[in-house]
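Participant: Start from chain A and add chain B according to the hints.
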Amino acid sequence: MSEPGLGAEDAFFSFPGNPLVVNGVSARVPRGGLAGILGPNGSGKTTLLRLLGGLLRPSSGRIVLDGVDLQAIPRAQIARRIAVVPQETQLAFEYTVLEMATMGRYPHLGAFEVEGPDDLEIARDALRATGTDHLALRPFNTLSGGEKQRVVIAAALAQKPDILLLDEPTASLDLAYQLEVRSILQTLNREQNLTIVVSTHDLNFAAGLCRDLVLLHQGRVLAAGTTEAMLEPALIRKLYKVDVDIAANPRTGHITVVPLSRVSEPSHHP
Amino acid sequence: MNIARRIAVTWLVFGVAALLVCVAAPLVGSTSIDFWRVFDSSVPFADNTDAQIFFVARLPRVLAGALVGSTLAASGVVLQALLRNPLATPFTLGVSAGAALGAMLALTLDVPSGIAGFSAVPIASFAGSLGAVGIVYGLARARRRGLSTNVLLLAGVTLNSFFSALILFVQFLSDFTQTFRTVRWLMGDLDVSSYAPLLAAAPPIALSFAAFAVLPRRMNLLSVSDESAASRGVDVHRTQRLAFLSASLATGAAVSLGGPIGFIGIVVPHLIRLMVGADHRLVLPASAFGGAAFLVACDTISRTALAPLEVPVGVVTAIIGGPFFLWLLIRNR
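Respectively, the protein sequence lines represent chains A and B. Heads up, the first sequence stops at 826 in the numbering used here, and the numbers go up one at a time, no gaps. Heads up, the second sequence stops at 373 in the numbering used here, and the numbers go up one at a time, no gaps.
So here's chain A without its partners, still in its complex pose (with noise of 0.2 Å):
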């Protein structure tokens, strides 16, 4: 029961006057693990992704981390263990890329207390581990979409968390950002044991990633295993309503999603 980890269980969730988005879901990984939650858009990806950051409520089950239920920790306690990156962030001020690195050391701060040296350099390590260092004095807005990406990653991190929550973290990048965003977690989580997961729609990001996998459909659990388990054509013609091929690729060792067709749904069609 208090293995230590982060976990849902047996999780609702609606949005009031709507349908529930989050339809009793049990799932969680472990302190170290590095999984992701994948599922077609409108899957309740987020809003899972957001309970488990304990940013909402569950309206009946319960978020536990290491064995207690989110709700009776306070917020403060919370972020200092676990951040959360939203999917995208535009600001209204011009902050500089330091100043956004050093708000994450807010959960460790007194009411009235201004960062020292001690944080200033917690917040540049973070923008080092995120190659974002040279960017310190730069206004956020400035920055292209995967430079900002990596920047609110670097945020999180001054949090100093134990657990990394990431909502879509590849939506609006290209190639070459995405694959320096996987390489960034994955160093991440092998080097500093930092428990990783994310929220994603894209099959290959989570085959390069994840150890391990949530399916969610229609705010319930497909299915959840190891990313091989879970990547597989049965599964994922469920989940997608596509046919894919499905191979290793030779030269990374990952698993390679190729979407075929679309499957026709005959019951629609009459």
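None of these hints come from the bench; they were simulated from the model. For clarity, every value in this text was computed on a predicted model and none was experimentally measured.
Here chain A is said to cover these stretches of chain B; the calculated rule only asks that three of the stretch's residues, wherever they fall, bring their Cβ under 8 Å from a Cβ of chain A: (1) 42-53; (2) 123-132; (3) 254-264; (4) 271-280.
No residue lacks a Cβ here, since even glycine has one placed at the ideal position from N, Cα and C.
Facilitator: Using the frame of chain A, we list chain B on its own:
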């Protein structure tokens, strides 16, 4: 640079600048007075005309300008962070329209005298602003647990138009003098000739500034996004409520003292951000001091430019602020 040092330097530089303007402004006027004679302690106050002009005739007005300018600029900063919109002003959410409606009713109905020695117009205007805040706040909370900033913005803008229409309607029915007095009030006016109105406006403003003191770091996080603020441990709903209510209360008190003086709440924060960056721990105090200096300077122009005629200070801030703001806009692109 070290963040604590930057904050200290900002307070010092802008604080001293505001102080200098506030000391210099009362020296300027129709009767010229000498700085050294004002503070000459060898002459008793009763015989020192320069000191009397400085402290009795001019200083209350200068302090009113400092209080109002400081409040409007700081409230502008807080509301811009809350709405995540650098174009928001202290008047965006309907506070000033409510205040104007209250003031106009008191002027039109010719309420003879006030309560407990305070005159009726500021009280009515403060009450009107609180009424507007209450309506906007109620609407923004009605549909969900938190404070919907979208509803806040739309309700504020709508209330502004609605109250303006009511004001126009009552003016349409009023006679010339009443209409003139209302229009004059809407132009903004710091014609304060004693310390009493200052003391009346000070408590709500002091209360709001105490709330402002805990906001800057949370405003940094909130202005990135609600979600990222929440994921770092900020109580988003409580911070939004505190920001909205404190900025509105302060604005209501400032407007009841000086009328709806425009442009300060947007020009000053913008100018300050160009100087100190976006960190609200620097922007908020610098704007508070900068707003005080800006309005006192504008009011000095309004007293002296066409002397003995007084140009309404709201007209001066708009005439100086408008083109200046446009210049900032093009310069930045």
